[in-house]
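Visitor: The chain contents come next:
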Amino acid sequence: DAGITQSPRHKVTETGTPVTLRCHQTENHRYMYWYRQDPGHGLRLIHYSYGVKDTDKGEVSDGYSVSRSKTEDFLLTLESATSSQTSVYFCAISGGGFDNEAFFGQGTRLTVV
Amino acid sequence: SQQGEEDPQALSIQEGENATMNCSYKTSINNLQWYRQNSGRGLVHLILIRSNEREKHSGRLRVTLDTSKKSSSLLITASRAADTASYFCATVPDTGRRALTFGSGTRLQVQP
Chain A
-7 DAGITQSPRH KVTETGTPVT LRCHQTENHR YMYWYRQDPG HGLRLIHYSY GVKDTDKGEV
53 SDGYSVSRSK TEDFLLTLES ATSSQTSVYF CAISGGGFDN EAFFGQGTRL TVV
Chain B
119 SQQGEEDPQA LSIQEGENAT MNCSYKTSIN NLQWYRQNSG RGLVHLILIR SNEREKHSGR
179 LRVTLDTSKK SSSLLITASR AADTASYFCA TVPDTGRRAL TFGSGTRLQV QP
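Residue numbers (my numbering), protein chains in the order written: chain A, -7 to 105; chain B, 119 to 230.
These are calculated hints, taken from the structure and not from any lab test.
Possibly wrong hints are sitting among the right ones.
Chain B side only, calculated, beta carbon under 7 Å to chain A, not exhaustive [what the hints assert, rightly or not]: (1) His163; (2) Leu164; (3) Ile165; (4) Ser169; (5) Arg215; (6) Phe220.
Heads up, the beta-carbon is just placed ideally off N, CA and C, and yes, glycines get one too.
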C-alpha cells in the first residue's frame, strides 16, 4: 500500500466549529488531493496541491481551506462546519506526471451535528 | 457539475457473466483512468488509457476510449463475486494542472 495516512478516521463535531483533517504521505509525491464522497455524487474534488504552498480550488471548495507547508502533509480545514459538510473525505496523492495513478487514503468519516 | 458520468448507476449480474460500465466526460483529456472501490475503503487504480489510444487490456479488464464522443467503457469479463464493488472513471485534463476529476460511479453486484 502507498504510504498515505488520514487522521482522524472518524469525527463528530458540532455545527459552527472549525475542523481540520490531516493527510500525511511518505511517498514524496508532488500532487495531493482532497475529495468528498456523498451518495449519488461519487467523488468531488475540494482542493488540490501541486507543490509546497501551491494549491488550487476544485469543484466544491466553498467552506473549505487547505494548507501545505511541507511535501508530506496536506491539511483540510472546515472553517465553520455545517451539516451539509457531513461526508466521507478522501485524500489522494500522485506523482504529478500525466500518466501517474492516484493512491488513496482510507477516508475520514465526518459527521456534523 | 462533475466531469464524468457513469452509466448504469447500478448493475447486478451472475458470476461468469460480463459486466460493462460506461463513462462520459465533458472536456478534452490527456488520459482516462478507472478505479475500483470496495465498500468502506479507498479507491484503487485499475487501468489508464491515453487520449491517443482506443483500447487497452489488463487481465480480465478491457477499456475503450472514444474521444470524439467523449466516452469510455470498462468491460470486466467472466466476473466473480469478488468483483463486487463500485467502479469510477476519472479524467486528467490535457492542459493546465493535473487535477484528477471523478465520475459518479457504477455499483456492481456479482451474484455467486
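Visitor: Hints numbered earlier in the text: which of these fail when held up against the supplied structure?
Guide: 2, 3, 4
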